[in-house]
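Participant: Assemble the whole structure, with the sequences as input and the hints as a guide.
As given, the protein sequences belong to chains A and B, one line each in that order. For reference, each letter of the first sequence is one residue, going 1 to 555 in my numbering. For reference, each letter of the second sequence is one residue, going 1 to 357 in my numbering.
Calculated directly from the structure, the hints in this document are not laboratory data. Wrong hints could be hidden among the right ones.
[As the list claims (entries may be wrong)] Cross-link-like lysine-lysine pairs, in silico, DSSO-like; alpha carbons within 27 Å at most:
| no. | chain 1 | residue 1 | chain 2 | residue 2 |
| --- | --- | --- | --- | --- |
| 1 | B | K103 | A | K471 |
| 2 | B | K179 | B | K210 |
| 3 | B | K106 | A | K467 |
| 4 | B | K118 | B | K132 |
| 5 | A | K45 | A | K61 |
| 6 | B | K106 | A | K471 |
| 7 | B | K132 | B | K106 |
| 8 | B | K180 | B | K117 |
| 9 | A | K69 | A | K274 |
| 10 | A | K471 | B | K118 |
| 11 | B | K19 | A | K382 |
| 12 | A | K471 | B | K76 |
| 13 | A | K19 | A | K467 |
| 14 | A | K382 | B | K76 |
[Stated by the list, open to error] A few chain B residues facing chain A, derived, Cβ under 7 Å:
| no. | residue |
| --- | --- |
| 15 | T25 |
| 16 | F54 |
| 17 | N85 |
| 18 | H91 |
| 19 | L92 |
| 20 | Y100 |
| 21 | G101 |
| 22 | A104 |
| 23 | Q105 |
| 24 | G109 |
| 25 | I112 |
All of these numbers come straight from a predicted model, not from anything done at the bench. Using N, Cα and C, we set each Cβ at its ideal position, and we do this for glycine too.
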Amino acid sequence: MMKLPLLKRPRFDFWFFVKAVVILAMLFFLVYPFSTLITRSFFSKKAAGVTLDNYATFFSKKYYLDALKNTLLITFASSFTCLLVGAPMAYLMTRYNIFGKNVIYVCIILALMSPPFIGAYSWILLFGRAGFITRLFAGIGVRTPTIYGPGGIILVFTLHLFPYVYLYVAGALGSIDSSLEEAGENLGSSKLRRLFTVTLPVVMPSLLAGTVMVFMTALADFGTPMLLGEGKTRVLPVLVYDAYMSEIGGNANMASALSVIVVMFSLSVLLLQKFYVARKNYAMTALRPPKVVELHGWKRFLVTLPVALVAFLGLLPQLTVVVSSFIQTDFTGFIGGFTLDNYQKILSRLATNITNTYYFSAVAIVFIVIFGMLISYILVRKRGKVASIMDLLVMFPYVIPGSVLGVCLIVAFNRKPIILTGTAAIMIISYVVRKLPYTVRSGSAFLYQMDASVEEASISLGVSPMKTFFKVVARLMLPGILSGAILSWITCINELSSSIMLYSGRTSTIAVAIYQEVMRMSDGTAAALASILTLTTVASLMIFLRFSKGKVSVI
Amino acid sequence: MESHNVNIRDAVKLYGDFKAVAGITLDIKKGEFFTLLGPSGCGKTTLLRMIAGFNTIDSGTISFGENIINNVPAHKRGIGMVFQNYAIFPHLTVSDNVAYGLKAQKVPGTQIGPRVKKALEMVQIEALANRKPNELSGGQQQRVALARAFVIEPSVLLMDEPLSNLDAKLRVQMRTTIKKLQRRLGITTIYVTHDQEEALSISDRIAVMKDGLIMQVGEPTQIYKKPENAFVAGFIGVSNFLDCTIRGGDPLNASVSVGDYTLDNIVLAGPYTGKGKIAARPEYLTLGEEGIKGRIELSTFLGDFIEYEIALENGQTIQLNEYTKDALSIKPDGMDVLVGMDASAVIIYGEGGEVLT
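Facilitator: In structure tokens, the structure reads:
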């Protein structure tokens, strides 16, 4: 019989088409904007041609170096405080019968999911110059410590971001087989020694991963330092914003150079962590999860107290904004008395912001779900060169702070032939690009667990690979992806740092409006807007917790 | 769809430089129950997946009937496949699982119901029609998988170690179900397993594979009684291999000796003199008046037979089985014995493992 030649032509099937579309979209909305950003960073109005002028300015002027110092101080200090708060919380929560464990858990998640600038804002409401508590203590002649400046920023970051450390470490602690610690016990270690010689080294990679998440988020955050820094404590994302917004037309070149520096910074931290974790991986599946110590009476109370206190402080901002949104205000601030005025004002003046927020986020979620499913399928099932490139690209936005992504999209799409600046499209694009990695990650995790033979069974029964994807794979992925999508939805509605760069009058959102209302000292409306976001966040989170039944991680 | 014969010509599958399937030629007859048997890594599953269309064919051809199917995508090959881990659609009920392929074939709605019902009856799970997969045991799930595969009347039915996730008792039960079903439907079936007992009991013919190549093709009795090489003899059932000296200048009257013990009147395929191996299954060895000197190391009573582990004087250890009904008593450990063999029931191999008898 005749031998057929080796046929290795590319197959122009459904997945070829999907890969092409995804890669093109990534090139267009990620690679092209980011490379434009890099190019722009080497140009300056002061010098002709390619120049290192912007970088030279950065490393020589006090204005920039101060911001660098602040950034380093705040991110490192916040990472450290989150570690100090999150890790012991995780230990207590996993090992002891804390009162109201579930409620505390929900509070911790809520602290993470609420936007940090609302945290910053409500700490101003409490401890700011005209804050409730400041005035209360001033009445009896006591001066409260200032909330403005690095200290306040670190406080807000700590209460907002410790859940990262908590969640990673609690996950790791729950997966340590109890026999490992018992082995340490048999070998005669004391309890404390065991904690440091057995337990801690095993949870180290998770501890580090959680801390790196804190670091990256703190580094990327714009709203908190902007509100609490008051223009005196500047950090890099604030400089990016200032450089672009300050003068007419702004200095896009300098903003680009600053953006590149921030990205390099977060990229190197992420790589450092990956390098460390890749070398030390003690991942294990617990056959016998560690025992929970049953405490009684005052001991149980004593262990619960610090945990509950931290959870309460994490939740305090949300409570503060909701309560204060019902208090009457004038130009001097809150003057007391119950009112619905604030809500009436925002509904008449800022209704567009509210609809924009939900509309943009909803559209973004649709794209995130569709692309998330397709990309995670390609990454897991269609491994190859294209998939590796895609993997790299889709994870890249992890290291891009929102304000930097904003600058990227502006410099790329503010000139002919493609002008997107000021449109709803550019807002939605920024949401999709930034939130996609989370969905892809949870989608991939699901697919790794799902046996490929289920798909093959469908194909063998005469259903084409494309139809199989929609009838079987997508159908099975959907619950997990949708829970992930709820989380993305929460972060989209609360998104400030890229929106503030990209919005125009017609496309402003609630988060942007809150920022502006705070800046113009309109506390009542800001509180009402923040309450709308907070309540939406709480409601969405409740749906998520119902829906995911603990199977989908919030991180 | 009418069942087909399957012809495989010089099929090759490469993973880099590694030949997972190293040029296999097989002719599987229409309606035959054909088993690919071999240790893990021998290429049996790779070959099955090439037939299914989940692995590409790097060279050679595979045809169903007259048609070469190399470039036919998996979903157009008209196969039915049963997987090791059942691969039931977890979001569909039992009857929806079975109806899945029929709907894809655009079978009229009025016919789907009766056909699903009949298929479920044939695998005796009609009572479970409305259950969800997570309410089923492993054995029940595999019955659903079986019904789902044959209800579409595939031209070829492929099974990839379908019983290996089931417990021993269920495995024997399902084996019978599959065999009866296959006889009744007459679908050409290609079955992959590493379990030789399963292969012997269920198949019309078996291909024993090793390192991507076929070692022997034959009916179960042929494979068991006349293994063509030492690998097959060792892989199928238990065989004792003893070093021996062969004097076969006259192939029609050769003799083979192990130490002092000599077997005469052996017929070889051709003249051969020199070292070799003699293979004998445990049940063909006898304890008697003459034979190779040895000592019982361990005797184990297994009900219908007694298994002896015997250390021979040449240092080799062999296994010998004696049927309980033929044994006067169980011989104690440490007893000196003589191990004899029947010249007609042994197989003689040359130094290279080639069969001489």
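Participant: Now tell me, hint by hint, if it's right for this structure.
Facilitator: Structure-based check of all given hints:
At most 27 Å may separate the alpha-carbon atoms for a hinted pair to count; K103 of chain B and K471 of chain A meet this at roughly 12 Å. Only pairs whose Cα atoms come within 27 Å are accepted, and K179 of chain B paired with K210 of chain B is accepted, the gap being roughly 25 Å. Taking the CA atoms of K106 of chain B and K467 of chain A, the gap is about 14 Å. The hint holds against a cut of 27 Å. A C-alpha spacing of about 19 Å is found between K118 of chain B and K132 of chain B, which places the hinted pair at or below 27 Å, so the restraint holds.
Proposed proximity of K45 of chain A and K61 of chain A is supported: the alpha carbons are some 17 Å apart, at most 27 Å. Restraint check: the Cα-Cα separation between K106 of chain B and K471 of chain A comes to about 15 Å, which is no more than 27 Å; the hinted pair holds. A C-alpha spacing of about 24 Å is found between K132 of chain B and K106 of chain B, which places the hinted pair at or below 27 Å, so the restraint holds. As the CA atoms of K180 of chain B and K117 of chain B are separated by approximately 18 Å, the hinted pair is consistent with the 27 Å bound.
For the hint pairing K69 of chain A with K274 of chain A, the CA-to-CA distance comes to about 25 Å; that is within 27 Å, so the pair holds. Annotation: proposed proximity of K471 of chain A to K118 of chain B holds, straight-line Cα distance about 25 Å (limit 27 Å). A distance of roughly 22 Å separates the Cα atoms of K19 of chain B and K382 of chain A; the hinted pair therefore holds under the 27 Å criterion. Of the supplied pair hints, the one linking K471 of chain A and K76 of chain B holds, its CA atoms being roughly 17 Å apart against a limit of 27 Å.
The hinted pair formed by K19 of chain A and K467 of chain A meets the criterion: a straight-line CA distance of about 17 Å does not exceed 27 Å. Straight-line distance between C-alpha atoms of K382 of chain A and K76 of chain B comes to about 21 Å, which keeps the hinted pair within the 27 Å bound. A cut of 7 Å between beta carbons decides the hint on T25 of chain B: the least distance to chain A is about 10 Å, and the hint is violated. Satisfaction of the interface hint for F54 of chain B is found here, the shortest Cβ-Cβ separation to chain A being roughly 6 Å, below the 7 Å cut-off.
The interface hint given for N85 of chain B holds, since its Cβ lies 6 Å from the closest Cβ of chain A, which is under the 7 Å cut-off. With a least beta-carbon distance of about 6 Å to chain A, the hint placing H91 of chain B at the interface is held under the 7 Å criterion. About 9 Å separates the beta-carbon of L92 of chain B from the nearest beta-carbon of chain A, more than 7 Å, and the hint is not met. A cut of 7 Å between beta carbons decides the hint on Y100 of chain B: the least distance to chain A is about 6 Å, and the hint holds.
Hint status for G101 of chain B: holds, given a least beta-carbon distance of 3 Å to chain A, under 7 Å. With a least beta-carbon distance of about 4 Å to chain A, the hint placing A104 of chain B at the interface is held under the 7 Å criterion. For Q105 of chain B, the suggested interface contact is upheld, since its CB lies about 6 Å from the closest CB of chain A, less than 7 Å. With its C-beta approaching chain A no nearer than about 17 Å, G109 of chain B sits outside the 7 Å limit, and its interface hint is violated.
Interface hint status for I112 of chain B: violated, as the beta-carbon distance to the closest one in chain A is roughly 13 Å, over 7 Å.
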